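Peer 1: Residue strings, one per chain:
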Amino acid sequence: MPLILIGVTLIIFSMIWALGPDRLLASYIKSPEALKTPDAAERLIKKYGLDEPMPVQYLKWLGNILQGDFGYSMVGKKGVLPAMLERFPYTLELTIYAIIPVILVAIWLGVVSAVHQNKFIDQFIRVFALVGWSLPDFVFGLLLLLVFYSLLGWFPPGMVNTQFDLIMRSAEWNKITSMPTIDALLNGRFDIFVDALRHLILPVMTLAYLWWAYLLRITRSSMLEVLRKDYIRTARAKGVPENIVIQKHAKKNAMIPVLTVAGGSVIGLLGGTVFVETIFSRVGMGRFLADAATLLDYWSIIGGALFFSFIMIVGNLVVDVSYALVDPRIRLE
Amino acid sequence: MAVKRKSEFRKIMKKYWKNGTAVLGTCLLVFFIIVAVFAPQIAGVNEMGNNYQIPRVSWSSKPIAPTSEHPFGVIGGRDIFYGVVWGTRTAFRLGLIITGFSALIGVAIGSISAYFGGWVDEILMRIVDIFLSIPFLVAAMVMTTILGKGLDKVIIALIIFGWMSTARLIRGNILQAREEQYVLAAKALGQKDWKIIMKHILPNTIFPVVVQMSMRIGSYVITAAGLSFLGVGAEPGYADWGTILSYSRNWMTMLNESWFAIVFPGTAMVLFVLAWNLVGDALRDIFDPRMRS
Amino acid sequence: MDSKNALLQVKDLRTYFHTEDGIVKAVDGVTFDVYSGETLGIVGESGCGKSVTSLSVMRLLDEKGEIAGGKIIFEGRDVMAIPESQMMKIRGNDMAMIFQEPMTALNPVFTVGFQIMEAILLHQDVNKEQARTMAIDMLRKVGIPEPEKRVDEYPHELSGGMRQRAMIAMALSCNPKLLFADEPTTALDVTIQAQILELMKSLQEQYGMALVMITHDLGVIAEMAQRVVVMYAGKVVEYAEVLTLFKKPRHPYTWGLMNAIPKLDEDKEVLYNIPGVVPDPLDFPDGCRFNTRCPLATDKCRKEEPPLVEVEENHTSACWYVDKLVEMIKVSRAGEGA
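Protein chains in written order, with the working numbering: chain L, 1 to 333; chain X, 1 to 293; chain A, 1 to 338.
The reader is advised that the hints may include incorrect statements.
To be verified - What the simulated footprint calls covered on chain A by chain L, stretch by stretch (three residues with Cβ under 8 Å from a Cβ of chain L suffice, anywhere in the stretch; the number is not a length):
{"no.": "1", "segment": "85 to 91"}
{"no.": "2", "segment": "95 to 109"}
{"no.": "3", "segment": "119 to 132"}
Note that these hints are calculated values from the structure, not bench results. Because the structure is a prediction, the values reported are computed rather than measured. All residues carry an ideal CB built from backbone N, CA and C; glycine is no exception.
All chains should be modelled from the sequences, with the hints used to inform the complete structure.
Peer 2: Now the structure itself:
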């Protein structure tokens with residue numbers, strides 16, 4: 001794990017290092033005034049150590065990162081780290097709302113599909129999932145916005161209505177979790193809670209949609225494999241009712257590959273928040289990254305990439321731990 | 001033996017054509033190939049320069065709904081029909097180049113890793129782990145932001161971050177195949193290692209890679225389009241489905257006036273990806289030994 | 001014996017599988033009886049339909065399999081007419097089964113104890129505590145040391161032989177009247193095989209259940225069974241009491257199986273293998289199904305299927321040359337020697 005962290009920082013740093021001293025310098029300078037004198041550029045390159053060998057620069061940069069200094073963010077108009085910490089709760093909220101229905105529905109559908117292999121319901125679910133898997137998330141998001149906002153006007157983009165936004169920015173609003181729906185409840189403003197939910201529906205659908213087709217397919221194939229196993233026959237030979245055979249004996253085994261294969265990929269799909277937050281004009285980490293890319297705000301991009309990678313590494317660790325919880329064969333080692 | 005192989009092949013083909021979704025996928029694919037090949041005849045060419053640049057038909061940025069002259073409408077002054085048709089070529093180029101090169105790198109690294117084993121394997125697999133720890137889309141975004149705009153940069157970025165799963169797949173398959181009887185037999189007969197790999201192991205491990213490749217073409221095209229949509233992919237005006245979509249970012253609150261800029265390139269994208277997924281799905285069913293018995 | 005007293009009667013059973021390539025007639029007219037307390041052996045090479053026969057009786061066929069004909073009568077009830085909800089109560093309680101691979105037949109994510117208790121809780125009116133005590137007792141009975149500890153272990157923590165013992169404990173936990181043992185020792189080491197067979201024998205005496213021993217190994221049959229059904233390509237080719245079968249086999253296939261046993265006490269080499277393999281069930285030969293591999297086959301065997309005829313009391317065989325068989329085999333041997 002520390003090895004992976006070092007590797008990831010090295011890759012990310014070498015990408016920014018590849019920009020070369022001149023372009024990097026541009027990201028340090030906040031006004032053209034600084035470059036007025038003829039030798040200013042060279043002086044500044046020296047000052048920031050941009051002409052030093054890569055390993056030295058890397059260690060310096062890593063040292064800064066460890067102290068929490070990720071550089072200045074043009075997008076956030078403050079340090080990269082505070083800018084990201086400010087945005088993260090919004091993305092977290094979105095993700096939590098998206099993942100719960102996905103896990104429940106996708107696994108349920110995957111099991112149903114496998115149990116009725118090649119029957120009509122299976123074919124239907126498979127085609128549905130295949131089409132879902134083929135429809136890019138940003139196209140789906142745009143279509144949702146087109147239908148439910150532009151045409152029907154049901155679900156607006158953004159986070160909350162303008163008047164609620166003002167309330168949430170005011171001094172008497174208690175920022176506890178920074179997640180709008182939860183803070184609304186904690187502040188006793190049920191109307192704001194409902195409004196925040198209303199703004200969440202489309203983005204949650206888009207993000208959830210990204211995961212469910214994938215999870216469903218893995219659940220189905222894993223379940224099909226398990227249903228062919230001898231111990232399933234053993235369970236039936238014991239007189240275990242069919243629904244318990246499926247829900248208990250088969251499902252627990254089928255969840256092992258679902259966890260390992262899908263767990264990692266699902267975290268990888270977190271990148272989807274980039275599209276979702278851009279399309280539905282929400283504040284969050286994904287949007288932060290998208291804006292930084294458009295503005296060529298290098299330090300924000302690098303910060304965002306580090307942030308997403310960190311989440312991914314921690315997520316994979318969680319997956320490994322839960323793997324051991326489900327599969328007794330792992331526990332021993 | 002040769003006869004048996006042939007009849008086996010025929011059996012597989014028969015099975016393939018019996019599979020309804022596989023036939024649908026193949027038909028869709030053939031349709032896209034035709035559109036790509038005959039793009040100049042279908043949508044015309046850009047007389048002002050590069051064919052992959054959508055010609056300007058209007059200097060107003062306002063979207064124009066479909067007319068008989070511009071059947072898919074106009075956005076940002078560009079003819080969407082032209083962009084969608086020529087975008088098919090872009091999609092094939094993107095998909096095939098990225099998949100081809102990343103599979104090549106993956107096969108090379110995976111085979112080296114499995115062949116040498118030991119510390120070489122250890123190091124290469126750690127590198128794979130490290131590359132897999134950066135979310136694909138995020139990595140591609142950083143890469144294209146730094147390399148600058150342009151389709152070639154997108155291709156480079158996606159290749160650099162796209163080879164890992166192939167490497168893992170081929171490594172696992174080779175390690176498994178190495179334990180098979182016929183390989184042990186070849187070893188006992190004193191055949192050279194690389195010969196065994198070329199003759200016995202690779203042919204038996206390459207099918208899963210082919211299946212994986214066919215499934216990935218679609219997802220690479222989606223990712224590339226996504227980058228264009230975010231404005232870090234192809235240049236504005238390039239005949240690319242994602243680029244056309246990105247124009248609607250300027251009309252986000254009035255999508256009902258620019259629906260055609262989403263629906264047409266979106267449909268093309270969905271069908272293109274669906275075609276590859278259907279074909280890949282069918283291939284997997286056929287090559288999966290457990291399904292064959 | 002009068003078949004009316006039989007615990008299980010199987011009459012002209014036909015089990016077909018509908019596959020993509022056509023109908024596989026895995027079991028095609030099989031008849032036998034099983035009596036309380038006895039051991040019936042079913043012997044034949046793999047792919048002869050032995051396992052499918054037992055799965056048909058327990059109604060555990062997968063969705064492609066279908067009982068296309070015949071009758072199965074268990075304790076006087078027509079098994080095929082029993083509704084699934086009733087069948088569930090019979091499975092594990094009245095009829096139980098143990099399988100070949102103790103590695104894969106136990107669920108890897110549940111403890112051994114849980115898997116035994118599950119059967120007990122399903123079929124007996126006891127609470128969890130009592131079921132646990134019974135499971136531990138059962139593990140002790142099948143010779144697993146430290147059953148109090150083992151009960152909480154997972155299958156992967158046990159050795160192959162221990163796993164098969166656990167499997168047996170699970171099958172016997174509800175004291176079934178009929179136990180199918182499908183190649184129970186094939187996957188085990190030779191020394192462990194003997195232990196397991198010994199265990200099954202003593203448990204059978206203790207519980208008085210009927211045992212159907214399915215195997216390809218005549219050695220196991222000689223050890224365990226009183227009566228033997230020899231199956232080939234989905235059909236019964238010979239049936240006899242065990243001593244009769246070994247002394248006077250009346251079917252060339254049985255001869256072939258026996259000669260495949262190396263005999264240590266004889267000088268001359270009699271190790272003989274039946275040439276070829278069991279024919280593809282999609283494409284059985286015309287006439288006698290054994291004709292492709294039978295050293296004695298004539299044109300008649302290739303055209304007409306021989307009926308199962310009684311050659312003496314309690315001994316039937318399906319061969320056109322039952323009477324001449326002994327003679328012919330001698331001739332055929334002499335010819336080979338020359």
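Peer 1: Hint by hint, say whether it matches the structure.
Peer 2: Here is what the structure says about each hint:
With a threshold of 8 Å between beta carbons, the proposed coverage of the segment 85 to 91 of chain A by chain L holds, since 4 of its residues qualify and at least three are required. For a cut-off of 8 Å, the count of residues in the segment 95 to 109 of chain A with a CB near a CB of chain L stands at 10, and the three-residue condition holds. As drawn, the segment 119 to 132 of chain A meets chain L at 3 residues by the rule of a beta-carbon pair under 8 Å; at three or more, the given contact holds.
Consistency with the previously given hints is maintained throughout, with no hint failing.
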